[in-house]
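Q: Here the protein sequences line up with chains S and D, keeping their order.
When we follow UniProt numbering, the leftmost residue of the first sequence carries the number 1, and every step to the right adds one.
When we follow UniProt numbering, the leftmost residue of the second sequence carries the number 1, and every step to the right adds one.
Fair warning: there could be bad hints in the mix.
[Claimed, not checked] Simulated crosslink set (DMTMM-like; lysine to aspartate or glutamate; CA at most 20 Å straight-line): (1) S:370 - D:300; (2) D:12 - S:391; (3) S:360 - D:282.
Calculated directly from the structure, the hints in this document are not laboratory data.
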Amino acid sequence: MNVNKNNKENFLKEKTLNDDLDYRKDAVHEPVDCGCPMAPGQLYPTETGTLFHAGNILIALVGLPATSKTLLAVSMTRYTRWLGVRTRSFHVSEYRRHKSNRNIALSLKFEQDMVDEVLKDIIDFFENKKGQIAIFDSLNILKSDRKRLVSLFENINVKVLFIESIVTDPKLVNKNIEIALKSNQYLNWRKEDAIDYYTKKLSIKESQYEHITPDENCNFLKYINFGEQLIINHNNQLGYLINKIVFFLMNLRNKTSRVYLARCGTSDSDKYTNDEVLNEEGIRYSKNLTDLVLDRVGMHRQGKKVDTESLVIWTGPRKRTYTTGKFFIEKGFDVQERSQLKQLQPGSVADMTIEEIKEKYPNEHAEFLKDPYHYRYPRAESYHDLAVRMESLLLELEHMNTNVLIIAHESTLRVLYGYLLAYTVLDVPKLEFSREFLTEITFGPFCNTVEKIPIN
Amino acid sequence: MTLRTIDGIENKKLCLIMVTKNERDRRFLTQKLIRYMGWLAIKCKVFKDKDNTGCSIDINDVITNICEWFREEHSIIAILNIYDINLCNGSQYDQTFKKHHIDTLFIEYIGDDLNSINCNAINNTYIKRVGDTSDDIISNSKILNGQLSYVILRKESKDTLINKVDNYLQTRVIFYILNINMENKSIWLSRHGESMYNLEEKIGGDSSLSPRGHKYAQLLPNLIKCQVGDLPLVVWTSTLRRTQETARFLPYKKLAWKALDELDAGVCDGMTYKEIEQVYPEDFKARDEDKYQYRYRGGESYADVVNRIEPVIMELERQDNVLIITHQAVLRCIYAYFMNVPQGESPWMTIPLHTLIKLTPTIDGVKVTRFKTDIPAVSTYKEKGSSDITDMPSTLSSKYANILEEVSDIQNI
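Take the sequences, apply the hints, and build the full model.
A: See below:
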């Protein structure tokens, strides 16, 4: 795959010139205007760049601190971007962190100026950056806050949807406080001080909180106990895109789990056309992989036993992929064969080297190089086809609250990784997964993080 | 033939329990769900607690029947219609189904009849106090409780309550229901006017209308006006020249959808069927054998088109009156959705040029009316196994072959 390597080098060079993005960093907060023709899961291109005739939408979050608003904002950004919508999230907490080193009770004037600055950036995003959805991550717990937002944005022809996150389950509240205290804002704090400050802040806000009521006459969605219950004041004018977001939110869960990605073990000839079983090396790899994953999951569980409740394994449907999970089966784990994880169908170029492809299909190969994400060789699938058929699996992954190990072909791993770290169609076909590393992705409220762990 | 279906639901079993009080609403929702599942090739069956003569059937027998049906291969969704809601015991049904590894989802639609107004009042108070548990609002209906998976749609207050949905298939059903607009409306479908490429028997491309095609465009405003009167209407076209030229005299709001563009014929774009047969004989044959799944080199299959127009179908469900001016293959897919046409047959339907089709959804199905104009046009219908363009298929092998036969889709629900 020489050609691909060269491409990658060039690409990386470009990237390093522009910024220091590497393929281990979550790209969900990168600017949307990347010159990409389409997003990974986008069904069809449009000239205007806005999808589904939905117009421009401001999603303003509403809720007390520790109600997972940041997580909601970032997850919705990730998903809608994947669908091809130009979405960006704006987090007041991030602005505050950049502006002040003290982190604690800032003056009212300071807070107001800061919110104004965020709103200015949002308006700029709609008016000058072709933005379609902006997600405003702030408390917005006062009726007056919300009224102001509606009039401000309706003036520039942007519809406003409020998503109110309400947490009544005390277990969830505590969990959220713990997550919040891990954020950058409390980086150098003593734990007791942080908890003390946080609970105080919470009770003050709680006394001021005005829940959204129907008489405010705005579009709203109440998201209760992170998806246990949803109340939608569904207003037809917001359309398909909002229903798609509701669809996503029904599937989203507040996870503390991790996703592990690994290739399958090797077989003798490693061909697409014959569905071979693992060879000796492949079996050795499977054993090492099993030990490593159990080790990692165990480490994150602080020594608690890794049981069937804390880890499931999904594999592609091919023999060598499924049997890579055989040591997990022996240990009693749930190993599920998932049809969506079937590798990219290579069509007429199956099992050919790049040289053979160039010789046999020179025109097709030239077309492929122009757009590796969307191009289909004769009878083949493109990465885009793969992404579309994997959407249900991605949503299921958002739903899982246990660790998942996914053993699949490199093409499938690229799409999964591309979604979880918000990569563009230019990046996805170039991502590399060797058998030397296990990829560990940790869900975070602000961004997902990656670690590559060597496999023996 | 392989059917397109949603991935990852092979082993799922879901029973939708319709606890909607109003019979009209319940029947409407039920047939909509059947249609959608059919389009996605998901095996689905309706069960009810009354027989055709109106006699009640013991609900326990119905549940036993459902569990038996789920033992059949590929059974995925059962719809249980409950007539006597007051006797309904949600928790008991749920537990029985769970024993057979069948998930449940209760669906309640509250229209604007008297009963529902009471419900609404209660619920608005609920929303004001939200933060409490939901048990009090649910206990009102005596069917549902906070432990069950359910969705309640209230027309009057325009709100929806979704509780404890726990799998992908449930969320997919709810997503669909959220998009349904229960108002009376009609959908008008038309192909673009005859194009220059049609005259030359070429497929694809982005050619202009022929002189006769322009005539059709001029006639269309009157034809529509007679039908629609003063009702609001939106016109949807593709982004291709021939549909936009066809729509240009229509005095309504217009939207151009990229998703409505004609099936992409890839390397065959701009060729005639005869040329394709000569240049790509294997492809020509492969396409006739499985037209739904066949994907043109570098282009699309019917299955691909169905995928990309799903957002259009959802938006269509949400809208009031819409006129869609698009292309043969895309119209076949849209038509197949509304008329439950099987995947194997939909690519073979004839949809002539210069003909306006009106679809009116009713409680039990969709009524089709057609208006054939007197402006002549060439035929673009290619028969299976030949590259000839014919006026009419010589053998109408099924009731779906020619959509000018009025097929009204009445189901006994």
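Q: The structure should be examined with respect to each hint, and the outcome stated for every one.
A: Hints and how they fare:
1. Of the supplied pair hints, the one linking residue 370 of chain S and residue 300 of chain D holds, its CA atoms being roughly 19 Å apart against a limit of 20 Å.
2. Under the criterion of a C-alpha separation no larger than 20 Å, the hint pairing residue 12 of chain D with residue 391 of chain S is consistent with the structure, at around 17 Å.
3. As the CA atoms of residue 360 of chain S and residue 282 of chain D are separated by approximately 18 Å, the hinted pair is consistent with the 20 Å bound.
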